[in-house]
Structure formats: structure tokens, C-alpha cells
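Novice: Listed here are the chains, written in short residue letters.
Protein chains: 2
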Amino acid sequence: MPEITPVAHIYTLFPTKFGIPRQSGLVDTISKIVFTSPFRSPDAIRGIEGYSHLWLIWEFSENKEKSASLTVRPPRLGGNARMGVFATRSPFRPNNLGLSCVEIERTDYDCTEAPVIYVKGADILDGTPIFDIKPYLPYTDAHPDAESGFSGDVFSNCLEVIIPGDIINEAKPSDIPVIKEILSQDPRPHYQNDPERIYSFEFSRYRIKFRVSESILTVVQINSL
Amino acid sequence: MPEITPVAHIYTLFPTKFGIPRQSGLVDTISKIVFTSPFRSPDAIRGIEGYSHLWLIWEFSENKEKSASLTVRPPRLGGNARMGVFATRSPFRPNNLGLSCVEIERTDYDCTEAPVIYVKGADILDGTPIFDIKPYLPYTDAHPDAESGFSGDVFSNCLEVIIPGDIINEAKPSDIPVIKEILSQDPRPHYQNDPERIYSFEFSRYRIKFRVSESILTVVQINSL
Chain A
1 MPEITPVAHI
11 YTLFPTKFGI
21 PRQSGLVDTI
31 SKIVFTSPFR
41 SPDAIRGIEG
51 YSHLWLIWEF
61 SENKEKSASL
71 TVRPPRLGGN
81 ARMGVFATRS
91 PFRPNNLGLS
101 CVEIERTDYD
111 CTEAPVIYVK
121 GADILDGTPI
131 FDIKPYLPYT
141 DAHPDAESGF
151 SGDVFSNCLE
161 VIIPGDIINE
171 AKPSDIPVIK
181 EILSQDPRPH
191 YQNDPERIYS
201 FEFSRYRIKF
211 RVSESILTVV
221 QINSL
Chain B
1 MPEITPVAHI
11 YTLFPTKFGI
21 PRQSGLVDTI
31 SKIVFTSPFR
41 SPDAIRGIEG
51 YSHLWLIWEF
61 SENKEKSASL
71 TVRPPRLGGN
81 ARMGVFATRS
91 PFRPNNLGLS
101 CVEIERTDYD
111 CTEAPVIYVK
121 GADILDGTPI
131 FDIKPYLPYT
141 DAHPDAESGF
151 SGDVFSNCLE
161 VIIPGDIINE
171 AKPSDIPVIK
181 EILSQDPRPH
191 YQNDPERIYS
201 FEFSRYRIKF
211 RVSESILTVV
221 QINSL
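In order, the protein sequence lines correspond to chains A and B. Every letter in the first sequence is one number past the one before it in the numbering used here, and letter 127, counting from 1, is 127. Every letter in the second sequence is one number past the one before it in the numbering used here, and letter 101, counting from 1, is 101.
Please keep in mind that the hints were generated in silico from the structure rather than gathered at the bench. Keep in mind that the hints are not guaranteed to be accurate.
As the list claims (entries may be wrong) - Listed below are several chain B residues computed to face chain A (Cβ distance under 7 angstroms; list not exhaustive):
1. E3
2. I4
3. H53
4. P75
5. L77
6. G79
7. N80
8. G84
9. A87
10. C111
11. A114
12. V116
13. L137
14. T140
15. D175
16. V178
The beta carbon of each residue, even a glycine, is placed where N, CA and C say it ideally should be.
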């Protein structure tokens, strides 16, 4: 059986699984791709600036065991219905391979870890190993009219996010929009309907606690880590 | 380092590397995905009919050695210019991972190898191992306005294909359109300008020989294998 080895790692603002956007491109945070030896060379990415988007094939590296289950419970279905693992993008899958489309923000050939690619929209845990990077080719990869099954419109069940005035000052003003964006996509693991329950997740330098009642999410605490 | 194991194999009409379309979706041939144990179960694909397209992550299995080169010579650039391997979809890449989008034609739950998924547009060698199958989600995967760098418009340098009357009868009339389509995309390994040279490739049950002069490709022989 083939062994695969990381060609790079990606450094993101998501230190824990909880709170990572459910797909790529949903939140515009910037991540950094740093190559491993022997791929840490400008030659390996020569010409990449001609593209706007990249595919990353990466490892769900927190899943130490390969999943043996043929079915998973997609959060979008409320976490109760079971679907086939190959009919979902679930992280719990046979070879632990993830696939994400990210937008190239810029390349840096001058820093100590050069070349580095900064990308936008990665839905990936901080420090994740990358197995391959490929340019996005719209003529073969873009199918805007494809049917998206039960995944449906990801934006249709967004939450309204409230951050009270005394709490909002705990975060840098420039970080607030992305925090709101992540929260609006409902980072709860499964749909749960307990308005008293307090959820906690980490993003960038913050630990953020919140409650959800119906379709309204209220932040109750922001701590700097 | 993680080991990955095939979850399925794909059976296509392309018995050799030469002549395979350069990307998925360019030729509408039908291929068949057959699962390996323990994934050969209707449970593993439950719900997949809700999607129109799938991602396949597969192995460039003819490349026994992992490529050590950081650069490749894309056929689209005439085979002379070198580009970074991560700026191309070249088959010669670090972990030999391929990525293709295919369209679901139908599923079959009744045959001996069931469940089987028939897909359209695979640019993959017959018998190739598949490491993962994921549904295509247009809201995160479709970026029709992405910039496609030097790959440009794949259809801009199509060849005109001529199959003389006595030769065209050697193939089933229903196979002619797809043979023409494959040939029009110029299956020559690199751009070469030798109008006398005869190229040969296999497709489905045929061995097809042809010549290319300027932008005109002339078929000189079709044999049934």
C-alpha cells in the first residue's frame, strides 16, 4: 500500500477542531502554507501566481484511527440521520483525506521559510499536513450547477449573532467580523436545542463562549489566550 | 507516515496512459467504480444519488516511483518550459495523487459487484485504485471565474480530426464521436512537429494510429483488439 508523506503544513487560526468552518471558502481567514524539505524551493511552485485558487489534499490528522464506519451523521441533517461516508465530506473517512479549495492571497519568497503561500478560506486545523497542492482549473473543476444533495444551501440556516457591548471590546475590532461569520455558521457539533448550554471554542488568540436559543447565538465571553 | 488503501477501483476505456484526456470532464466516456471490501456495501454510498458530481482522489498507479523532480514540463506549453509541480496537474508528483471531478451516470445495486457507480468523464487509466470519493458541493467547489494560469483554454488548440471513409468502418459508428473527441484534444505526449510520424494509442477495444500535420490529425488505421 502506498505511503504518503507531507509536502507542506498549513498554519491556520483554528487551534481546535471545534469552530472550524464546515467547508473551505466560507470564512475569509488567511492561512500560511510552509513546505517541507525537499519541496521548500521556489522551483516547486514556479508559475503558481498565474492561478487564483488551489486545491489542497490534506490529512484529517486529529483522527488517529482510520474510520471503520460506512456511515456518518452529517451535522446538516441534525446529527441523527445516517448517510454513506462517500456521500458526505465528513472528516471521519477511510483514508482520512481532506480536500479544500483555497484562494491564493500572495506568495512570499523572502522570509526564512520561503517560499510561503498565503491562502484565504482554509477550513483546516492549525498545523495540518498537506499531501498535495494542485492549481484549480475552472474548465474542469467548476460545475456551478451541480446538484448538492442534502447538503443544500449552507447559508440557509445561518444564525443571528449577538455580541453584547461589554464583551465585544475584548476582541480587536478587526477580528469581530470573522468571529461573527464563524459563529453565524453554527459551530455546534450537532444540532442541539438547549438554550442554557454554554459552548466554547478557540479562534486565533481567543477563547469564545456562547449560547444558542432558536436561531439566535449570543456570545457570553471572549478571553484572550 | 500514513498508509492509504484503495476503497475502490475504477474501470475505464483507457487501457494505456497515452490517449487519456488531460483532465476530467473533457470526454464523455462511461467508467465503472467498484468498491473493495469492506466498502462494498450500499450503506457506504447511502444518499449519493442526491448529487450530480463526485470527486475522486486516486493514484497515478503507473508511476511506481514517487517523482523527485520539483518541476515538470506541461504538454500545454509545448513540453519545453518547466513549471513547478504544484503549479500543474502533472501525473509526476510527490505523492502520486490524482484528483478528478466526474458526473454520476447511475448507480447499480443489483449486479454481482454491487453497489457500483457509473460515472462520466473520468480521465483515468483502466483499473486505477481510488483512495476517496466525495460529493461535489457547488457552494464550496465551483469557482467558474478562477484564473487558470498558463493552462488557459483547453479547447483553444483543438485539432481537426479526419477519419477516411475506408477506415471509419473499422469502428462501431457509435464509438466514432468519442474517438474523434479524444483525438481532437491532441493526445501526443509533447508537441512535436513531424508530419510523417505515426502515433498509436488504445481506446476501448481499438488500436488507433494517426498522423498530425499542423492542426490536422489524420487517422491512418483502426484495429479491433
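Novice: Taking the least C-beta to C-beta distance, is B/P75 closer than 7 angstroms to chain A?
Specialist: Status violated, d = 14 angstroms.
Novice: Hint B/A87 vs chain A: min CB-CB distance below 7 angstroms?
Specialist: holds, 4 angstroms
Novice: Is the interface hint for B/H53 satisfied, with its Cβ closer than 7 angstroms to some Cβ of chain A?
Specialist: holds, 4 angstroms
Novice: Against chain A, with CB atoms and a cut of 7 angstroms, does the hint on B/I4 hold up?
Specialist: holds, 4 angstroms
Novice: Let me know if the C-beta of B/L137 comes in closer than 7 angstroms to any C-beta of chain A, holds or violated.
Specialist: Holds: closest Cβ of chain A sits about 5 angstroms from B/L137, inside 7 angstroms.
Novice: Would the hint on B/G79 be counted as holding, given a Cβ-Cβ threshold of 7 angstroms to chain A?
Specialist: violated, 15 angstroms
Novice: Let me know if the C-beta of B/T140 comes in closer than 7 angstroms to any C-beta of chain A, holds or violated.
Specialist: holds, 4 angstroms
Novice: Under 7 angstroms is the threshold here; is the Cβ of B/G84 close enough to any Cβ of chain A for the hint to stand?
Specialist: holds, 4 angstroms
Novice: Quick check on the hint: B/C111 CB to chain A CB, less than 7 angstroms?
Specialist: violated, 18 angstroms
Novice: Against chain A, run the beta carbon of B/V178 and see if the smallest gap drops under 7 angstroms.
Specialist: This hint is violated: B/V178 lies away from chain A, its Cβ roughly 17 angstroms from the closest one there, beyond 7 angstroms.
Novice: Taking 7 angstroms as the limit, does the beta-carbon of B/E3 come near enough to a beta-carbon in chain A?
Specialist: holds, 5 angstroms
Novice: Minimum Cβ distance from B/A114 to chain A below 7 angstroms?
Specialist: violated, 14 angstroms
Consistency with the previously given hints fails for numbers 4, 5, 6, 7, 10, 11, 12, 15 and 16, ordered from lowest to highest.
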